[in-house]
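Top to bottom, those sequences are chains Z and G.
For what it's worth, the numbering used here labels the leading residue of the first sequence as 999, then goes sequentially.
For what it's worth, the numbering used here labels the leading residue of the second sequence as 262, then goes sequentially.
To be clear, the hints were calculated from the coordinates, so they are not data collected in a lab.
It is possible that part of the hints are untrue.
Quick list of simulated restraints, FRET-style, between CB atoms [to be verified]: (1) Z:Pro1081 - G:Ser270: 22 to 32 Å; (2) Z:Pro1081 - G:Gln271: 26 to 36 Å; (3) G:Ser264 - Z:Val1093: 19 to 29 Å; (4) Z:Asn1049 - G:Ser371: 39 to 49 Å; (5) G:Ala278 - Z:Asn1049: 19 to 29 Å; (6) Z:Ile1075 - G:Ser287: 23 to 33 Å; (7) G:Pro340 - Z:Asn1096: 44 to 54 Å; (8) Z:Ser1080 - G:Ser341: 39 to 49 Å; (9) G:Asp269 - Z:Leu1086: 37 to 47 Å; (10) G:Ser341 - Z:Gly1014: 44 to 54 Å.
Derived list of chain Z stretches under chain G, where covered just means 3 residues or more per stretch with a C-beta under 8 Å from a C-beta of chain G [claimed, not checked]: (11) 1032-1040; (12) 1100-1110.
Using N, Cα and C, we set each Cβ at its ideal position, and we do this for glycine too.
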Amino acid sequence: EAQVTQNPRYLITVTGKKLTVTCSQNMNHEYMSWYRQDPGLGLRQIYYSMNVEVTDKGDVPEGYKVSRKEKRNFPLILESPSPNQTSLYFCASRVGHNYGYTFGSGTRLTVV
Amino acid sequence: AQSVTQLDSQVPVFEEAPVELRCNYSSSVSVYLFWYVQYPNQGLQLLLKYLSGSTLVESINGFEAEFNKSQTSFHLRKPSVHISDTAEYFCAVTEGYGQNFVFGPGTRLSVLP
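Working from the sequences, and respecting the hints, build out all of it.
Here's what the structure looks like:
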């Protein structure tokens, strides 16, 4: 089944403890992206990648890192999480620039 | 940079009534436009998209959207809604290669019996 898989689904962590949210797609898509969803703000793009080793900042990149060493994987790294990064995170992929994104099921992160 | 406005944060409507969810975008170049739906506790699903050609696009579950370049709008409509259409709807825009894919803030559609 074609899908975007992100893990974990739920995560509670403490301020400052580094964490990684994994994302993998099995559709051989070129583009991948991370979004955060907050009430009243919709989805805001954190980082996106157009291909292996090609990444760029979205609208809210501060406090996040990404890497794209392989086409299928696009992990999101929070080096030192803070409470304002408590949010619902979505990974997504798409085959090309004029196609829509396919989304993962989301990761609900709570930073205390 | 492109941006998306969804004027209505919440739209309550009775079952079998028509509905229109509004979306306006800001861009200085040609764009690709999308509507996504998010059911409670789920991820986003692509509902329909406008890439080029006919300005009226349809989804398989009765929704349609019309691209209006002069008004920079891409409103979503359905002539008769069902309880199962209750969800949050997001409009999105991209200017194409190498560009951000930007979402609006969303409209929560509540279909009442």
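Each hint tested on the structure:
no., hint, in the structure
1, Z:Pro1081 - G:Ser270: 22 to 32 Å, "25 Å, holds"
2, Z:Pro1081 - G:Gln271: 26 to 36 Å, "27 Å, holds"
3, G:Ser264 - Z:Val1093: 19 to 29 Å, "25 Å, holds"
4, Z:Asn1049 - G:Ser371: 39 to 49 Å, "41 Å, holds"
5, G:Ala278 - Z:Asn1049: 19 to 29 Å, "46 Å, violated"
6, Z:Ile1075 - G:Ser287: 23 to 33 Å, "32 Å, holds"
7, G:Pro340 - Z:Asn1096: 44 to 54 Å, "29 Å, violated"
8, Z:Ser1080 - G:Ser341: 39 to 49 Å, "47 Å, holds"
9, G:Asp269 - Z:Leu1086: 37 to 47 Å, "22 Å, violated"
10, G:Ser341 - Z:Gly1014: 44 to 54 Å, "52 Å, holds"
11, 1032-1040, "holds (count 4)"
12, 1100-1110, "holds (count 5)"
The structure does not agree with the numbered hints 5, 7 and 9 stated previously, though it agrees with the rest.
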